[in-house]
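Peer 1: Generate coordinates for the entire structure from the input sequences, incorporating the hints supplied.
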Amino acid sequence: MVLTEEQQAMLDGKKGETMAKIMKTLVMYGETFDAAKMVPVTSKYGHTVISFGLGVMKPVYALYDEILSAGLAGEQKFSADPFPTDPHVPSNILENAVFKLMYTEQRRYGKQLKELGLMKGNAYTCACYLPEVGNIPKRGDVLSWAESSAVVYANSVLGARCNRNSGILEMMGSIAGCVPEFGFLTDEGRKADWVVEVRTSKKPEAQLLGSAIGMKVLAEVPYVKGLDQWLGSELDASARAYLKDFGAATASNGSVGLYHIENLTPEAKDFGEDLIREDAKRYIIDDNELARVQNNYPCIWKNPDAKPKLCFVGCPHLTMEQLKDWTEKVEKALNESGHKHVLIPTVFTSAPAVIKKFRKTEYGERLAKTGVILSYICPLMYMDNPVCGKTPVITSSNKLRTYTSARYYTDEEILRKITKEGK
Amino acid sequence: MSRKFIGRVITPGKANAEALVSHVGFNTLASYQMALLLNDKNVKCGDQNNPDLYKKSMIGKALCLPETIGSTTGGMVLYTICSKNMQPACLLFSKSIDSLAASGAILAANWSDAKMPVIDRLGEEFLNYVEDGMSITIEEDGTVYAE
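Residue numbers (this note's numbering), protein chains in the order written: chain R, 1 to 423; chain Z, 1 to 147.
In short, the hints are calculated from the structure, not lab data. Heads up, some of the hints might be wrong.
Below, in silico cross-link-like pairs of lysine-lysine (PhoX-like), each with a Cα-Cα straight-line distance of 20 angstroms or less [as the list claims (entries may be wrong)]:
| hint | chain 1 | residue 1 | chain 2 | residue 2 |
| --- | --- | --- | --- | --- |
| 1 | Z | K115 | R | K21 |
| 2 | Z | K115 | R | K24 |
| 3 | Z | K41 | R | K58 |
| 4 | Z | K56 | R | K302 |
| 5 | Z | K44 | R | K390 |
| 6 | Z | K41 | Z | K115 |
| 7 | R | K369 | R | K356 |
| 8 | Z | K55 | R | K390 |
| 9 | R | K302 | Z | K55 |
| 10 | R | K191 | R | K216 |
| 11 | R | K58 | Z | K115 |
| 12 | Z | K84 | R | K58 |
| 13 | R | K329 | R | K340 |
| 14 | Z | K115 | Z | K14 |
| 15 | R | K77 | R | K111 |
| 16 | R | K281 | Z | K95 |
| 17 | R | K302 | Z | K44 |
| 18 | R | K111 | R | K58 |
| 19 | Z | K95 | R | K216 |
Peer 2: As structure tokens, this is what we get:
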């Protein structure tokens, strides 16, 4: 790999031993993928996937101590994934005790994050690109981010350029100010390996469609046809929210880092089918295929017929429009069923900045009246608590389903369960 | 009968271990998170979506897989299991390594004392041939023997 004079100096140890190790790590990373050079990180902000101070992850915090001791806090500020705990989310004494045992490093890591350059304003969310949070890269920006759902959104919906970096590596790119140029940072790496034809009879559930595509294409790039008939050809708030959820499912059920939606996402609009590789494979999705995918999700509850004790909606974090939409749907369904409050303890999750703004609107009070709890928590980290993990939890998040024992239902099914069925 | 395969070295090293084979994408976070949280000495796979590995012990095994999938915490998770000596004996990829697994291997090589040699591009035939329990020997030049 050809390095600039400054990059070579860093690698040679002119800025200290720790910076040399950071550069060596980034160079090895690039060489693995035949990167010819390092390119500057151009986005205003970074984003880190590591927001949790887990006792079992001590080696990570020791590594960050080494970086901080060397005085290498980056010039680039960054947002971080959601906070792992929130006292407003239902949990019993035993669960709380386990949370305390799990997150013994939270205080230490919170301090490290501030020293490393965490953005001001409680920037803990997986959806850092929401307008209320303000970490919105421009098209063509080169990023050093990690968080699979944020990376796939930045690449696909915003047209920024970011590889699926790992936690820790993303921080090293921010600190060094450069990343190896390969994969999604190149025009060639952004071409589509798959043509996916959506032939459903109604607008497909975002998290189910994303799951089906993720499982099929794994790390490759899909070019999706037929979805614009349901989403339109403008990236309005509704389309962006849909693609946020769709992308998160492609990234967690497979490892998609970029997708193109015909007539909708920026590069698909500009280049159309020129983005598709000549030897692209085909995948047709109809109602039967979506049903097959959903029916194949395993249920790992001890008692598959157990009554759900908790419901999470909002992984990735909900947008302002989604919160308002859910509020209206829950109110209407409760009116129809004659209940005042949701029948299953339900938590909607969103970014702290979105929650703050939402609570100032009339919807804040309306949602509170339905009994739904609004939280900034990461549901995945809640479920990582082994005691919580044994609780029958339902969700409309395919990411949460993938990583935990939570059981997946579509948004419509979730709404029915929390407002009418209670089971 | 021993079969020989040649791949590309990501992080070098020698190893001799029993094969553990995943024919589907290996979800690093889903596979390791419960083992880490429960400090499971057998490091049993917790990924419910992986019928090949679910609930099987992964520690010290020659983990044979197509690629890794899932969360971008993947590299950090691999680095952590290496730092805690919970790692497999080696990682053997049939495809080209993905960015998250590469990150984990490179972080472990540069920032921990653990040994976890990683070889990729062993080919589809490799994954078709290896079975759980086979004896795997790997050399520093990327040669893999399976019998």
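Peer 1: None of the hints should be skipped; say for each whether it holds.
Peer 2: Against the structure, the hints come out as follows:
Among the hinted pairs, K115(Z) with K21(R) is consistent with the structure: their alpha-carbon atoms are about 18 angstroms apart, no more than 20 angstroms. Distance restraint check for K115(Z) and K24(R): the Cα-Cα separation of roughly 18 angstroms lies within the 20 angstroms cut-off, and the hinted pair is therefore satisfied. A threshold of 20 angstroms between alpha carbons decides the hint, and for K41(Z) with K58(R) the separation of about 17 angstroms falls inside it, so the pair holds. Restraint check for K56(Z) and K302(R): satisfied, since their Cα atoms lie roughly 19 angstroms apart, inside the 20 angstroms limit.
Under the criterion of a C-alpha separation no larger than 20 angstroms, the hint pairing K44(Z) with K390(R) is consistent with the structure, at around 17 angstroms. Distance restraint check for K41(Z) and K115(Z): the Cα-Cα separation of roughly 18 angstroms lies within the 20 angstroms cut-off, and the hinted pair is therefore satisfied. Proposed proximity of K369(R) and K356(R) is supported: the alpha carbons are some 17 angstroms apart, at most 20 angstroms. Restraint check: the Cα-Cα separation between K55(Z) and K390(R) comes to about 16 angstroms, which is no more than 20 angstroms; the hinted pair holds.
Of the pairs offered as hints, the one joining K302(R) and K55(Z) holds, with about 15 angstroms between alpha carbons and a cut-off of 20 angstroms not exceeded. With a CA separation close to 17 angstroms, the supplied pair K191(R) and K216(R) stays within the 20 angstroms bound. As the CA atoms of K58(R) and K115(Z) are separated by approximately 19 angstroms, the hinted pair is consistent with the 20 angstroms bound. Pair hint K84(Z) plus K58(R) holds up; C-alpha atoms about 9 angstroms apart against a cutoff of 20 angstroms.
Restraint check: the Cα-Cα separation between K329(R) and K340(R) comes to about 14 angstroms, which is no more than 20 angstroms; the hinted pair holds. Note on K115(Z) and K14(Z): the hinted pairing holds, with a Cα-Cα distance of about 9 angstroms set against a maximum of 20 angstroms. Between the alpha carbons of K77(R) and K111(R) the distance comes to roughly 14 angstroms, so the proposed pair stays at or under 20 angstroms and holds. Proposed proximity of K281(R) and K95(Z) is supported: the alpha carbons are some 17 angstroms apart, at most 20 angstroms.
Taking the CA atoms of K302(R) and K44(Z), the gap is about 18 angstroms. The hint holds against a cut of 20 angstroms. For a cut-off of 20 angstroms, the pair hint linking K111(R) to K58(R) stands: about 14 angstroms separates their Cα positions. Taken as a hint, the K95(Z) and K216(R) pair is honoured in the structure, with Cα atoms around 16 angstroms apart against an allowance of 20 angstroms.
Consistency with the previously given hints is maintained throughout, with no hint failing.
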